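Peer 1: Here the protein sequences come in this chain order: G and A. Just so you know, this note's numbering puts the end of the first sequence at 325, numbered straight through with nothing missing. Just so you know, this note's numbering puts the end of the second sequence at 325, numbered straight through with nothing missing.
Take these hints with a grain of salt, some might be off.
Where chains are identical, the list cannot tell them apart; a pair therefore holds if satisfied intra-copy or between any two copies.
DMTMM-like mimics (lysine to aspartate or glutamate), calculated; alpha carbons at most 20 angstroms apart, straight line [as the list claims (entries may be wrong)]:
hint : residue 1 : residue 2
1    : 9         : 195
2    : 246       : 179
3    : 246       : 193
4    : 217       : 179
5    : 246       : 150
6    : 186       : 301
7    : 300       : 179
8    : 121       : 251
9    : 300       : 268
10   : 217       : 195
11   : 131       : 301
12   : 58        : 124
13   : 269       : 301
14   : 4         : 301
15   : 246       : 299
16   : 128       : 179
17   : 269       : 193
18   : 36        : 314
19   : 58        : 286
20   : 128       : 286
21   : 4         : 179
22   : 80        : 6
23   : 309       : 260
24   : 217       : 181
25   : 80        : 308
Don't read these hints as lab results, they were simulated from the structure. Computed from a predicted structure; not experimentally measured.
Here is how the chains run, residue by residue.
Number of protein chains: 2
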Amino acid sequence: MKHDKVKILDCTIRDGGLVNNWDFSVDFVKQLYKSLSEAGVEYMEIGYKNSPKLLKGADAGPWRFLDEGFLRDVIPQKSATKLSALVDIGRVDENDILPRKESLLDLIRVACYIQDVGKGLELVEKFHKMGYETSLNIMALSHVMENDLNEAFQEIKDSPVDVVYIVDSYGSLHLNDIDYLVSKFQRALPEKELGMHMHNNMQLAFANTIVGLEKGVTFLDASVYGMGRAAGNCNTELLVSYLKNPKYEIRPLLEAIENLMIPLREKVEWGYIIPYTVTGILNEHPRTAMALRNSEDKDRFVEFYDKLTSPESNYATKNHHSD
Amino acid sequence: MKHDKVKILDCTIRDGGLVNNWDFSVDFVKQLYKSLSEAGVEYMEIGYKNSPKLLKGADAGPWRFLDEGFLRDVIPQKSATKLSALVDIGRVDENDILPRKESLLDLIRVACYIQDVGKGLELVEKFHKMGYETSLNIMALSHVMENDLNEAFQEIKDSPVDVVYIVDSYGSLHLNDIDYLVSKFQRALPEKELGMHMHNNMQLAFANTIVGLEKGVTFLDASVYGMGRAAGNCNTELLVSYLKNPKYEIRPLLEAIENLMIPLREKVEWGYIIPYTVTGILNEHPRTAMALRNSEDKDRFVEFYDKLTSPESNYATKNHHSD
């Protein structure tokens, strides 16, 4: 069957947690896991495996600092849907992580910027030795110079990492950029599976994911109703509808949207919101737009655009967060 | 310059009128015309040129039954942005239409289903003789059989029509469908310019438009903030941001969104709304979803999906409206 190697990785809880500070109830996450399982989604990324010791924000919900004991209460019975967690360079304490056979997690994904690929691969190697499936998620690829990427490929080639992700952190990549990047990654890393994590600032997250998928990318990130930081991600329900594989069902996802996401979307926002469109178009981190949306000026789009595009602007700042 | 033959046709008032029953104030339309002019948009579709005598709905706003005298009050001074109007087969009284040199309109577009292409071309010929630029907009192409389309091409070839539009009325076409259809239209109608009018049910309106554009389609429909029936259209602001032509400016569009579209969106809805996604995925007219959204059950997505997919369903009905 066409696309039969494709795996959908739903990152609603992990990337969506960036919207609501991981304030999902246990019941919400249980219901979502059930829906994703029924829908045939292969992976659920249930949070971050960062260490509270290494990161401010201890007020965040438990999905930011996943604990194995807690996880066993949430998911007492695993379905065919595997579990994954994301870690950030410098924020994970490797001693927190059990060997895979003692863990509910199947896949550990390491997010890093291009300059930290070496550190990322060190972590990958440790998790690989502990028995996990691993991925390296290279963030902010729209800001990466070709020569740096080529150097990174050399390191990645020699690593045991299973999947290498193209991450469009700023939601600024177009269809032709994806076509170009996927071809480049495929030529450089023929032995690795590839993944895609897109953001929806320009309403291209789903379309870009299709472009990658049709070129042979096998790990596709998505989130239910698109929930994810700022403009959000590729929508899981759209991806399931596109893949003709009979193992997928959209109905459980519609149920999750109706029961979980619509009420949540009334409290917190993500999606096609103009300041995020602007940062996407300008190929910038969405943090300035997130700050705007948290202010009284949230709908003052023109002033925001003028600030970001003024030659005197020092509004844009450095990278910090994963994805 | 790449894409220098491309024309953006903004149909906010015409297609958006299907959302709010054409209840735009004169001031709203004046401001929008100014913004589109400053943005460098080539055409503004300012409404329908249907006849109130031939159509129920005389309570609709004036943009449904454009009158030349009225139009002169609204646009006393034309900019470089041309004006267009849409007509439906059987709803237009040709005697209502002045010769182009006495009219503010530049382009008249005829919308029809495949079985009415003959009638559509009769109208096109009359408008052509009156001096107008013309287009034939073939709706609901996702429901058209190949042999019917091939017959239509024979008629279109011999017509003076300037532009032939691919219309994705149900928002159900994917990137590969667009690739296929555009190639087919290009082979069959090498002398005609092609246009695209996409709907956003699956968040593909912009992406599909890009696919067409990159293959050589020159007339691109869009609407500001995506306003259009049901899920809406390709967003004018995204299209302007994509085209690198220096004549386009996004700032006036951000202004229009801030001042006009955000307040309007609080009163009426369009965009990524799950029942429209469902009809798009099922390749059906959105009318059942529109009815749902006007009912108390507006967020009962699963029940709606079950009704539409039940083998006993006679929920789906025939085509009626343009686009």
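Peer 1: Failing hints, ascending?
Peer 2: As far as the earlier hints go, 3, 5, 6, 7, 8, 11, 12, 14, 15, 16, 17, 18, 19, 20, 22 and 25 are violated by this structure, in ascending order.
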